[in-house]
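Peer 1: Sequences listed follow chains A, B, C and D, in order. Position 38, counted from 1, in the first sequence is what the working numbering calls 38; the numbers after and before it change by one each time, with no gaps. Position 86, counted from 1, in the second sequence is what the working numbering calls 86; the numbers after and before it change by one each time, with no gaps. Position 48, counted from 1, in the third sequence is what the working numbering calls 48; the numbers after and before it change by one each time, with no gaps. Position 31, counted from 1, in the fourth sequence is what the working numbering calls 31; the numbers after and before it change by one each time, with no gaps.
Any given hint could be a false lead.
Unchecked claim - Covered stretches of chain C (chain B as the covering partner; in silico rule of three or more C-beta atoms under 8 Å from a C-beta of chain B):
#, stretch
1, 19–33
2, 42–53
3, 112–126
No lab work stands behind these hints: they were computed from the structure. C-beta: ideal position from N, C-alpha, C; glycine also.
Below are the chains, spelled out letter by letter.
Number of protein chains: 4
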Amino acid sequence: MKPFQTQIDVRFGHVDPAGIAYFPRIFDYIHEAFEELWDVHVGKRYYHLLAEEGIGFPLVHSDVDFKNPMHFGDRVIARITCFKLGTSSLGLRYVFSIGDSVCLDARMTTVCVELDTLKSFPIPTAYRAKFETLLE
Amino acid sequence: MKPFQTQIDVRFGHVDPAGIAYFPRIFDYIHEAFEELWDVHVGKRYYHLLAEEGIGFPLVHSDVDFKNPMHFGDRVIARITCFKLGTSSLGLRYVFSIGDSVCLDARMTTVCVELDTLKSFPIPTAYRAKFETLLE
Amino acid sequence: MKPFQTQIDVRFGHVDPAGIAYFPRIFDYIHEAFEELWDVHVGKRYYHLLAEEGIGFPLVHSDVDFKNPMHFGDRVIARITCFKLGTSSLGLRYVFSIGDSVCLDARMTTVCVELDTLKSFPIPTAYRAKFETLLE
Amino acid sequence: MKPFQTQIDVRFGHVDPAGIAYFPRIFDYIHEAFEELWDVHVGKRYYHLLAEEGIGFPLVHSDVDFKNPMHFGDRVIARITCFKLGTSSLGLRYVFSIGDSVCLDARMTTVCVELDTLKSFPIPTAYRAKFETLLE
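One chain only, chain A, in its complex shape:
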């Protein structure tokens, strides 16, 4: 299994006065990596999923270890794998690193829902197949 991989730039507006990425910004990075995963790996823009298919993957639980700070100017590699693939639930793991040093290890559990009702909905087969290739 080969994780999905994308790059994140720690920009000027992301760091706090101590020069390290302000933690809420790190959750923006996670969402951006998630959008890249949809675009590049799944082959569907997350935007189109919401707008055309009326389904989405809201977060129900997050469990995050902040291991090392990310600094202004760092280029961070995000690797995404799948740690849970239920009928509707999708657990994605994000490991952020700079060289050999792991900065962040996050497990984000989402549920596929119909946007109208927010009721859970089975993950469509074509998408499920893409997440299967990322199963740990």
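Using the hints provided, position chains B, C and D relative to the given structure of chain A.
Peer 2: Relative to the frame of chain A, chains B, C and D by itself:
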């Protein structure tokens, strides 16, 4: 024990196209509630803690349940209690609710560090006393 | 004429590595002051305006002087006056200051539109009356 | 003269409930395009400029026309030219477009300063040469 309480407004710029608070923004709310806690309950602005005393409380772990969405225009009550108070480690629990409905239950573990070295540092006694009053 | 007045806190997550408010954040402040103006002065939450009346005030032009930096921990007073009140167009001026020192002088021109069509729409009389009290 | 060009993705977390890019986010785009300009065109990361040379380019004036909304999922082309190149002052113009449609036309005037004192400082020759190639 009476939790520290503060109010959060879900503003225009915080919600996603589905009309609910974009999850990284929720971590901004948590940090803002944390800053209010310092300002109002501890009696020290978090800014001054960093600038004058050279110590801070970076996040090392977060464990968050997203129970119900927060919508644009909602006024959310945040209640903060302390679930862990070690020599250097400080665990704060944030429960966000709208009326009787809980939206979020977050456990955020921080460690008191010297900013220069990022080495752990004992939580100063005067501050520890304030967090003790919030122990669950 | 008495300007509408509200307070802005320069928080931890708003400042850049040089310790001053990152300029895009300043535009968040302007929008927050605008939302406060609606809520407190006009007596209508901007949210309800959009959701219930189907009208909004998108920005068409901004002209901003950045006179002095705002630092982490600053408490800034925002004063809002009205420099233009046409059939549909609404020009609001935001002056931000700390003590006697002006930080920012911004002229933001918006147009009242129907959200469905984004066509211009006459500012409703009741709201117009409130903006008249702020005319320079 | 060939403008510097970069691409901006309008992401999930950038749009407001009306589905269009929240205007303060647009100023984030401008700053990101500015950082790209430094990195790719000037050949110096803006981060390194601040950290190693102790100079920066704070904004003193912005004049922005918002011509057409940018929607969630849009891929926007930003073109940057130079409309002013004084001893210390640098005026950059950002035109954002989607296909043939211009969304934004922004003139951002910055001044080269020493970060320590915030006093103006002559733009170093090597950088000036790079901005000259973008003069309108």
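Peer 1: For each hint, tell me whether it holds in the structure or not.
Peer 2: How the hints compare with the structure:
no.	hint	result
1	19–33	holds (count 3)
2	42–53	holds (count 5)
3	112–126	violated (count 0)
Checked against the numbered hints above, the structure violates only hint 3.
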